[in-house]
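2 protein chains.
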Amino acid sequence: MTESPLQTPDEGGAARSPSDLPVAFSDPSYLAAVVDLLGAIAYGELSAFERLSEDAKMAPALSDKTELARMATTEFGHFEGLRLRLSELGADPFAAMEPFVAPFDAFHVRTAPADWLEGLVKAYVGDGLAADFYREIAAFLDADTRALIVESLSDAGQSRFVVDRVRAAIAAEPRLGGRLALWGRRLMGEALSQAQRVAAERDALTALLAGGVDRPGMDLAAISRLFSRLTENHSRRMETLGLAA
Amino acid sequence: MTESPLQTPDEGGAARSPSDLPVAFSDPSYLAAVVDLLGAIAYGELSAFERLSEDAKMAPALSDKTELARMATTEFGHFEGLRLRLSELGADPFAAMEPFVAPFDAFHVRTAPADWLEGLVKAYVGDGLAADFYREIAAFLDADTRALIVESLSDAGQSRFVVDRVRAAIAAEPRLGGRLALWGRRLMGEALSQAQRVAAERDALTALLAGGVDRPGMDLAAISRLFSRLTENHSRRMETLGLAA
Numbered sequence: 366m367t368e369s370p371l372q373t374p375d376e377g378g379a380a381r382s383p384s385d386l387p388v389a390f391s392d393p394s395y396l397a398a399v400v401d402l403l404g405a406i407a408y409g410e411l412s413a414f415e416r417l418s419e420d421a422k423m424a425p426a427l428s429d430k431t432e433l434a435r436m437a438t439t440e441f442g443h444f445e446g447l448r449l450r451l452s453e454l455g456a457d458p459f460a461a462m463e464p465f466v467a468p469f470d471a472f473h474v475r476t477a478p479a480d481w482l483e484g485l486v487k488a489y490v491g492d493g494l495a496a497d498f499y500r501e502i503a504a505f506l507d508a509d510t511r512a513l514i515v516e517s518l519s520d521a522g523q524s525r526f527v528v529d530r531v532r533a534a535i536a537a538e539p540r541l542g543g544r545l546a547l548w549g550r551r552l553m554g555e556a557l558s559q560a561q562r563v564a565a566e567r568d569a570l571t572a573l574l575a576g577g578v579d580r581p582g583m584d585l586a587a588i589s590r591l592f593s594r595l596t597e598n599h600s601r602r603m604e605t606l607g608l609a610a
Numbered sequence: 366m367t368e369s370p371l372q373t374p375d376e377g378g379a380a381r382s383p384s385d386l387p388v389a390f391s392d393p394s395y396l397a398a399v400v401d402l403l404g405a406i407a408y409g410e411l412s413a414f415e416r417l418s419e420d421a422k423m424a425p426a427l428s429d430k431t432e433l434a435r436m437a438t439t440e441f442g443h444f445e446g447l448r449l450r451l452s453e454l455g456a457d458p459f460a461a462m463e464p465f466v467a468p469f470d471a472f473h474v475r476t477a478p479a480d481w482l483e484g485l486v487k488a489y490v491g492d493g494l495a496a497d498f499y500r501e502i503a504a505f506l507d508a509d510t511r512a513l514i515v516e517s518l519s520d521a522g523q524s525r526f527v528v529d530r531v532r533a534a535i536a537a538e539p540r541l542g543g544r545l546a547l548w549g550r551r552l553m554g555e556a557l558s559q560a561q562r563v564a565a566e567r568d569a570l571t572a573l574l575a576g577g578v579d580r581p582g583m584d585l586a587a588i589s590r591l592f593s594r595l596t597e598n599h600s601r602r603m604e605t606l607g608l609a610a
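Top line first, the protein sequences correspond to chains A and B. Each residue of the first sequence is one higher than the one before, counting from 366 in the numbering used here. Each residue of the second sequence is one higher than the one before, counting from 366 in the numbering used here.
It is possible that part of the hints are untrue.
Note: identical chains are not told apart, hence a pair may lie in one copy or across any two.
EDC-like mimics (lysine to aspartate or glutamate), calculated; alpha carbons at most 20 Å apart, straight line [to be verified]: (1) Lys422 with Glu463; (2) Lys422 with Glu445; (3) Lys422 with Asp568; (4) Lys422 with Glu597; (5) Lys422 with Glu555.
What the hints contain is simulated information worked out from the structure, not anything from laboratory work. In this text the structure is predicted, and so the values were computed from the model without any measurement.
In isolation and in its complexed conformation, chain A is listed as follows (with noise of 0.2 Å):
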């Protein structure tokens, strides 16, 4: 992997003793990866603040721009967890996330929402398929780990705002259902393309996926099924939002 940010410890002195720490975080190569994985989720929280913020002017009314500024500030909210966490763990949590900042901003100027309705199906969309995928890496981690970015993709009650506004807008011009579809598509071909640039270059995380002695990890069949599960979400939020996938 590239430089580590765990060699520039926090400056607000928040690291616990090693002794704090699940017994698994003795094994640098996981504390790396863990960091590496925290540094991920924390930017693309970061960027989703600023993406939702920027949607929000798009707003048809300020009860719409309110409500993209609340799922903002929830955004937020889990972004300053995970900062808290990585500081817990050592690491200067600004050095973690700048290993993703590229590939996120690539993924965000590709994806720049035409108007009101591709950014909320960006939204929802984008956002269910990172919160699906770190789950399933989440599920290879300590609990305390697990439990922090569980809590962190959590739904704040978003989707359901996203799901009745966009459904709303096809029943009242069906035309625009073509187009939102295509977008969905492109959303998830462009998502794919960053994922795969970062497995490229951040060896500690896939070396997560693909587990250690004491660990379980991922083999090439894992790794595919893993994909179609995330397919499949894809596609179900596509139908949810009265989309074809």
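Start from chain A and add chain B according to the hints.
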């Protein structure tokens, strides 16, 4: 005054029965004025959220971006409290905010920061001025409303961050001081110009300042002293930033 948001009760049914409200609210013109004022502050907070999350994009480092995003979510939290209170008063919060959308948006369009430092100065000087002004008005209100307003205007630690960053930037490049001092004066001018527009359009609000049969108000001399205080505080904030007022 123009159309009242009071005729549209909040769908959430959160409106208190009139007997739960302080006696001052039995005067319909007082109620209308408070709804107007809370609507103005609420939209101010929502647009501060938007502006800070927009300015966060210009942050030179991830830690700075995080600091601005944190300020934005704090403003959104204040907004939520005001929205709830408007519902409790039997008003539609979005209708109460609507009259203030145009003047606040005009202020932000005319004072779009050209860079990160201008954004910081605007956050500090603009929020400080608004907070001073609303606190002055709050002195004429019932205790509950006053407490909510003062709470909504509390500084969530952002001032120290802004002061540190701006002073450090000027120390590193003294010429910046001249440009930022001009910027601070322009912010004050644009704020006063939009405030006058609001005062001219919102009769209920200006009636509040003028007082009523059983409520103290301000005469012209008092209003003139109010503006002196606002100007003095503005000058003090500029000095704190290391800028000539």
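Now for the hints, and whether the structure bears them out:
| no. | hint | result |
| --- | --- | --- |
| 1 | Lys422 with Glu463 | between (27 Å within a copy, 15 Å between copies) |
| 2 | Lys422 with Glu445 | between (24 Å within a copy, 18 Å between copies) |
| 3 | Lys422 with Asp568 | neither (38 Å within a copy, 29 Å between copies) |
| 4 | Lys422 with Glu597 | neither (32 Å within a copy, 35 Å between copies) |
| 5 | Lys422 with Glu555 | neither (24 Å within a copy, 22 Å between copies) |
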